[in-house]
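Participant: Take a look at the letters that make up each chain.
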Amino acid sequence: MHGGGEMPVAAGIGLRAQHHLDVLAEAPRVGWFEAHAENYFADGGARIACLERIRAQFPLSLHGVGASLGGTDPLDSEHLAKLERAVRRFQPMLISEHLSWSSAGGRHANDLLPLPYTEEALAHVSARIGIVQDRLGRRILIENVSSYLAFECSHITEWDFLTAVAERSGCGILLDLNNIHVSAHNHGFDARGYVEAIPRELVCELHLAGHTRVTAGNRDLLIDTHSAPVAEAVWDLYRVALERFGPVPTLIEWDAQLPPLAELVAEADRANAILRSPRADAA
Amino acid sequence: MPPEPLGAQPVTAPALGTAPATAPALRVLQAQVLDAILPCGSHGSDGSDGSLAREIPGIVGGDIGSARRLEVYANNAAANFLESLRLGYPVVRRLVGEAYFEQCVREYRRTYPSRSGDLQHAGTSFPDFWRELHGADRYRYLADVARFEWLIQESLTAADEAPFDFARLGAIAVHDYNRLRFRVHAATRRFASPFPIQAIWEANADADVEPPVIDLDAGGDRLLIVRAAGGIEFLRLAEGEWALLAAIDQGAAFSAAVTTAGRAAGEFDASATLQKFVLQGVIVDFAIETERP
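Going down the list, the protein sequences come from chains A and B. If you count by my numbering, then the first sequence holds residues 1 to 283, one letter each, in order. If you count by my numbering, then the second sequence holds residues 284 to 576, one letter each, in order.
No wet-lab data here; the hints were simulated from the structure. Every residue gets a Cβ at the ideal spot worked out from N, C-alpha and C, and that includes glycine. Careful, some of the hints might be misleading.
What the hints assert, rightly or not - Derived, one-sided and incomplete: chain A residues facing chain B with beta-carbon distance under 7 Å:
no., residue
1, Gly66
2, Ser68
3, Thr72
4, Ala109
5, Asp111
6, Leu149
7, Ala150
8, Thr163
9, Glu167
10, Glu243
As the list claims (entries may be wrong) - Output of the computed footprint for chain B on chain A, the stretches with three or more beta carbons under 8 Å from beta carbons of chain B:
no., stretch
11, 41-54
12, 95-106
13, 127-138
14, 215-225
Pulled out of the complex, with its shape left as it was, chain A reads as follows:
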């Protein structure tokens, strides 16, 4: 199966159902949309018809959140069949999932849990990404997740792990810069060092989003809530990333406390300006 064409090297917006009608009515000037694949797993109905209409006007990426690629239960064949159907229906330019797991023993957390960065996990998740790519007949992108805990048994850095997964499975990398910023704070590593360790040719998409700070005892944790504008530190990391990787399709993600579409378009405009000229508006 062939993809739906090239993704434009421009800023896109995460598509949420609350904005469907506004997108169709206003046709905002954004490069593309990214939809959560599971939100369009239905057999039919208005939501599917809406995305078909949006897809007719805009380039699209399908972003999965529920495949549990790093999980040890068998891959969910029904879930993959629905993903396959969504890919057939909407012909997305890009398809992505997460470097994480969310289920074990038939129980689902429906959240993106980090893997231990071990050789066992590396071999396991790389093989499963390969299975999904074979099934879809397409290369997929794998996204680094925000994390709030690390495992004592991890003996590979996350950036080396992510790179090795891409090299072994042949997938591309969706580098989420907010997730790097959040995890760098939560675990005490250098966010720029992470970005600079990822090979240029593997990065096919970038994500930008907002996060929240919570207190934990006398310290604090950053939480990847997608409920706020992109933080200045993440915009700075975006400039670093663009200088390293060159221009890359970039997504503004916002899920909780969703603002009007115009606010997301404004964030995408800012990303587009930086995309064109990474150092022009640097502080």
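Once you have looked at the hints, place chain B on chain A.
Facilitator: Same frame as chain A, now just chain B:
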């Protein structure tokens, strides 16, 4: 002053493939994490005792401690599950109030935890839960409200259908009509209740409007939930119409469906009923008895 970085993950790491011999198997480790953050099993944490997650070995806790770190995931998992139920059951939520709804979702999740990577399945058994909780008291209509809301969700997401092919029906010999098996639109759901659920649902569907008082003894519902161009619609069914459609939906050929419906509902005009269902888009296709639709 910015906060100090947390944790103790090394910035440089050994080369790939030098796993320490003590690493627990991935499967074991994942089971331990879910035991710590999900409200199932004997050690489950669900917030009822004030703690959302419990400590497990093998986590880099740093100053924060592994329980607090796991708690972030426990919170996320609980919040994602609750949000899915809130979206799926707005009328039940309004009827019982936010606080009781949340308490009930926590209880529901202990009995019916998520079994799918697609959270839209999380609410599948919520009507059963209400029946178990309030099936024998004066709130027993809540189970029917929940069932009604779930059927609406099913209808909204069911497959699209091509319009009925009248020309194809015209080519069928009249003497073959009784052998026809009709097929009901995938987005159609039959709903019956001893309570006026449609009225309750309509009165509470708009959260900004103060709902009128509904008399629970005002008579029950026997209706069809159908998906129309403008959204969900409800068609009230007479007894014969209900029985005929039920028989057709269960795969009976038309003559057999008429017989079944006649036994249940007495005398009624089956041909007119069939015609109405076709014109309403309730029946969308047919096959001759030997070929299954």
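Participant: Run every hint past the structure and note whether it holds.
Facilitator: Results for each hint:
no.	hint	verdict
1	Gly66	3 Å, holds
2	Ser68	6 Å, holds
3	Thr72	4 Å, holds
4	Ala109	4 Å, holds
5	Asp111	4 Å, holds
6	Leu149	4 Å, holds
7	Ala150	4 Å, holds
8	Thr163	10 Å, violated
9	Glu167	10 Å, violated
10	Glu243	21 Å, violated
11	41-54	holds (count 9)
12	95-106	holds (count 6)
13	127-138	violated (count 0)
14	215-225	holds (count 7)
Hint compliance for this structure: hints 8, 9, 10 and 13 are broken, all remaining hints hold.
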